[in-house]
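A.B. asks: Sequence:
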Amino acid sequence: MRYGFFTLFSLLFAYVSVAQESLNVSLYAQYNPGDGRASGSWYYAGPDGKEYAILGAQTGTAVVHIKGPNNLEEVAFIPGYSSNWREVTVVGQQAYVVTEGSGSPHYGMQVIELGQLPDTAFLLTTYPATFGRGHIIQKDIFEDAPYVYVCGTSATQGVHIIDVSNPAAPQQVGLYQPGYYVHDCHVRGNLLFAAAFYEGTVDIVDITDKSAPTLLYRLDDPAGHTHSVSTTADMSYLFLADEQDGLPGRIFDIQNLEDPIEVATYTANTASLVHNPYIRGDFAFITHNTEGLRVVDIADPTVPVETGYYDTYSGASGGFNGLWSGCPYLPSGKVIGGNREDGLYIWSYNNTRAGRFYGQVLDSLAGTPIFNASITIEGPGDVLTSDFEGRFKKGYLPGDYTLMISAAGYTPKTVSVQLAEGSEEHLIVELASLASGLEEARAPAQASIYPNPFTEGITIAIPEGFAGATKLVLYNPSGSVAGEYSVAPGSALYIPQEALPGGLYWYALKDSSGVLLDSGKLIGR
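Basically this note's numbering = 1-based index in the sequence shown + 148.
Since the hints were made in silico from the structure, they are not lab data. Given the structure is predicted, the values throughout are model-derived calculations rather than measurements. Heads up, a few of these hints could be off.
Stated by the list, open to error - Straight-line alpha carbon distances no greater than 25 angstroms define the calculated DSS-like cross-link-like pairs of lysine-lysine that follow:
(1) LYS198 - LYS215
(2) LYS561 - LYS482
(3) LYS198 - LYS287
Kindly produce the complete structure, drawing on both the sequences and the hints.
C.D. replies: Have a look at this one:
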C-alpha cells in the first residue's frame, strides 16, 4: 500500500501546468498518481459525509479523499494487473473493479472495502469464478440495488449479473449472452440497456428475473460502434454514444420502447468522439475524449445545448486521448474524471442553464406553414430549416440573438430574441409574399393521396390546378430526402412498397424554381 499527500503548493502548480480552455466548469483539484494511464472513475460518499474519488490507474485502483479545494489525499492503492482499461463502480460501502489486464491467478472482479475510511481501504476479496478479464462494470445509478453488471468479459462477451448483497462472497445470478460482444450497459430497475458494439444495436432486456434475461427490443444504431448509453431521470429519453471520430451522440425518445424515435444529435467537435454519457437531473456530463468534459443541458432533450466544458487535452482533436470518464454523482455536485495522461480531475459546475426558442414560419396572408424556410442566427452562424409545419427550434446560453428568416417567394424578416436561463421563447414569424396574387396562383386543393395510411404502395394524384408542378420530394422524419420524382399537373404517381417502407413521411410538391406548392403527410404500415 502506498500513500500520497499533495500540498496546496503542489496542487496549485499542477493546476497552472494543465489549465485549459473552459466555460462554466472550474477545476476544484487535480491529482496525478504517477502510475501511467488513468481510466475509469467513480465516487464514494461515507456515512460521515466525507467524499472520495475511486480512480482506475495503470497498475491498480487509487482511493483519494477529497478534503477541499486543491487538497486531495490518496489514502489507499489496491494493486491489480497492469492495464490501460480499469473500470470501477461502488455499491454500498464496497468498490467493484474489473480490468482487461490478466495474469495468474485471475482476479476477475476485485472487491475493495471502503467502510473503514477515512483510515484505510483494502482488498476484501476477488471474484474469479465466471470470468477473468472484464471491460466495463456498471450498477443501477438511480437506486442502490445489490447487483453489479460486468460487460465484455473474456468468458462470454455478454453481461454477467452478480449479486453483491454479501460483498465478501459475490454470486453470479444471471447472464445475458446474446452471442455477440456487449461493450457496455446501463441499468434502470428491471431493464438492461446493452450496447452491442459490433452489432450496431442497443439491446433492451427485461431483467425482472435476473436468472433469465429476456430480450424485449433491439434499437438499431446504423452508425455502428455502439459504445455506451444513459437514460434521463424519467426514463423518457436515451443518450447513445458511438465510439468513432466523426459520429455525434444521438438522443432517442424511448417512451415507447418498441418504437424509439431519434429526436436530436450532439457533438462538440466532429473530429473527436462522444464518450461515456452520464445524466444528472437536466444535464448530461459527457467525456468527449480530446475535447475534455462537456456539460449539455437536456431540459428539453430534443434541443440539447452545451452549457459548459473543461478541456483536459492540449493536443490535436481525434483519437483516444484525454478524458476517459466523468462521474457527476457526488452529493456535493462535484464531477470526478479520469484523464488518460495525467490522472484525477475534480470539477465544479456552476449549473448554468440554457434558454430555447420555438418558432413557426407562416404565410402572412393565408396563415399556412412555410416549409423549408431558412433561419440564420447571427453570431453563432447556425442555419436552421423549418419543417413541414413551418416549425424550428434551437437553444443557446443566455443572451440576445438575432434571427434572419427567409423563404423562396417571400420578403425576408429579422427577429430579435432574448434568452434567459431556463427560458422558453415562442415565436410566430409571418412572411409576406413577394408577388401579389400568389395565393391565387397556388393550387386550390391538395394532392389526392390513396390509400393513406398505406401498406402495399401509395398513389399521389396531382390536380390540374397545380400549374408548374414539376417535382415531388419525399422526406423522412429527420428531414432527409427519401425519394424524388418528376411529376406534371393532372398526373398520378404510384410509389410501390419496396420504394417506401413502412414509416412516417412527408411529401413536398415544388415547381421548377423550388417554390413549395403543396405538402402533406404519408403514413406507411
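A.B. asks: Each of the hints needs a verdict: does it hold here or not?
C.D. replies: Tested hints:
Among the hinted pairs, LYS198 with LYS215 is consistent with the structure: their alpha-carbon atoms are about 8 angstroms apart, no more than 25 angstroms. Distance hint between LYS561 and LYS482 is unfulfilled; the C-alpha atoms sit about 44 angstroms from each other, more than 25 angstroms. For the proposed pair LYS198 and LYS287, the alpha carbon gap of about 22 angstroms is at most 25 angstroms, so the pair holds.
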